[in-house]
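Asks: Those sequence lines, one after another, are chains A and B. Position 96 of the first sequence, counted from 1, bears residue number 96 in our numbering, the numbering being contiguous throughout. Position 56 of the second sequence, counted from 1, bears residue number 56 in our numbering, the numbering being contiguous throughout.
Treat the hints as calculated values from the structure; they're not laboratory data. Certain hints may be false.
As the list claims (entries may be wrong) - Residues on chain A that point at chain B, a partial pick, calculated with CB under 7 Å:
1. 20
2. 87
3. 108
4. 112
A quick note: this is a predicted structure, and the numbers were derived from the prediction, not measured. By construction, the Cβ of each residue, glycine as well, lies at the ideal position given by its N, Cα and C atoms.
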Amino acid sequence: MNAVRPVIALIDDDAWLVDEYTRTLNKAGYRTVSASNALEGIDLIDTAHPQAIILDIFMPGPNGIVLIHELRSHTDLAQIPIIVATNSASDIDESAMAAYGVLVVLDKTTMKPDDLIVAVRKVLP
Amino acid sequence: MTEGNTQNDQTGGSDVFNVPVIIAAAHELKAPLALIRQLSLSLEQGNVSKKEIERIAEKITLTSERSLRLTTDLTRSARLEDSLFTLEPINPISLCEDVVHELSPMFAARGKAIAVKERRRSLLAVGNHDLLRRILLNFADNALYYSAPEAPVVLSVSRIKNGETIRLSVRDYGPALPMTVWKSFDSSLGKRAQMLHSRPESSGLGMYIASQFAGVMGATLGATRHRDGATFYVDLNASTQLRLL
Chain A
1 MNAVRPVIAL IDDDAWLVDE YTRTLNKAGY RTVSASNALE GIDLIDTAHP QAIILDIFMP
61 GPNGIVLIHE LRSHTDLAQI PIIVATNSAS DIDESAMAAY GVLVVLDKTT MKPDDLIVAV
121 RKVLP
Chain B
1 MTEGNTQNDQ TGGSDVFNVP VIIAAAHELK APLALIRQLS LSLEQGNVSK KEIERIAEKI
61 TLTSERSLRL TTDLTRSARL EDSLFTLEPI NPISLCEDVV HELSPMFAAR GKAIAVKERR
121 RSLLAVGNHD LLRRILLNFA DNALYYSAPE APVVLSVSRI KNGETIRLSV RDYGPALPMT
181 VWKSFDSSLG KRAQMLHSRP ESSGLGMYIA SQFAGVMGAT LGATRHRDGA TFYVDLNAST
241 QLRLL
């Protein structure tokens, strides 16, 4: 049963927010894996090969943009759709991010739990 | 500066409309407020077990308390010029234990730990109890987000410069800052509120506020980068009281 449920990678340094994302996505039928920084995130994506990534930008160590660049350098990982969820959405040029595989930018300060599900459904093939 | 004196220091404080501080404060309050909102929305949606409700409520309480601490610190730092601060002999170990006691629930809820390094000999430092407590709370709060669960954040007290200075340190174990970011941070430590995107939660404003508090007490702040984390410290004059006994 689990094998057919899409895997979503959550990369965010706020563990409590990740808990909420996990609960919301699990209820909607998705499996989740998570990492708390970009370095762990790259390893996680490399091993779990998720169907989509929900990514924070500002994290300890290298930030989310570094992770996006790293993913683009791997042909097998570059195609994974990315949803950015950040407190600084208003500072981000969404159209510029699209070139890097970021298909949706969610504003953490205004989003609702269901917005996460809508975004995942939108980016999954 | 002598013990038992009060000081009205003109070096501390900030303008009422200090724009960088306002921007930094807005940025830093955004994350906890967004989290509280998400937690609240989860409760609103229902279909949450009783145990989950208790867990979410605790998170809301702890996150609110953390945010309120920041707003109180901001208020205090903006009014430093108008306030009198008593400088007195302080037992730094006892103060560290108070800080650990206050922050333990937040650390435990985040699956992390905080401890005071034991020390046999008593030491006394000269400072303002409340301001020093707030500096340590800022350091420890900052460390919370950059420490690995298996390595507790450690508060320690040491005597340096032939015993004339007491150093209170907060050591965290987590991802190291890139050197370029560290250099920028170290050179501006406490001089301005700056966003430090590799330490996104609290390094900028928290350290700026801490430096304002330190300035009022004649104390200095510093930081050391380690391969596996960082140490933030405050240096204070040692009290002569123990030597006179």
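Asks: To test your reading of the hints: which numbers does this structure violate?
Replies: The structure breaks none of the hints.
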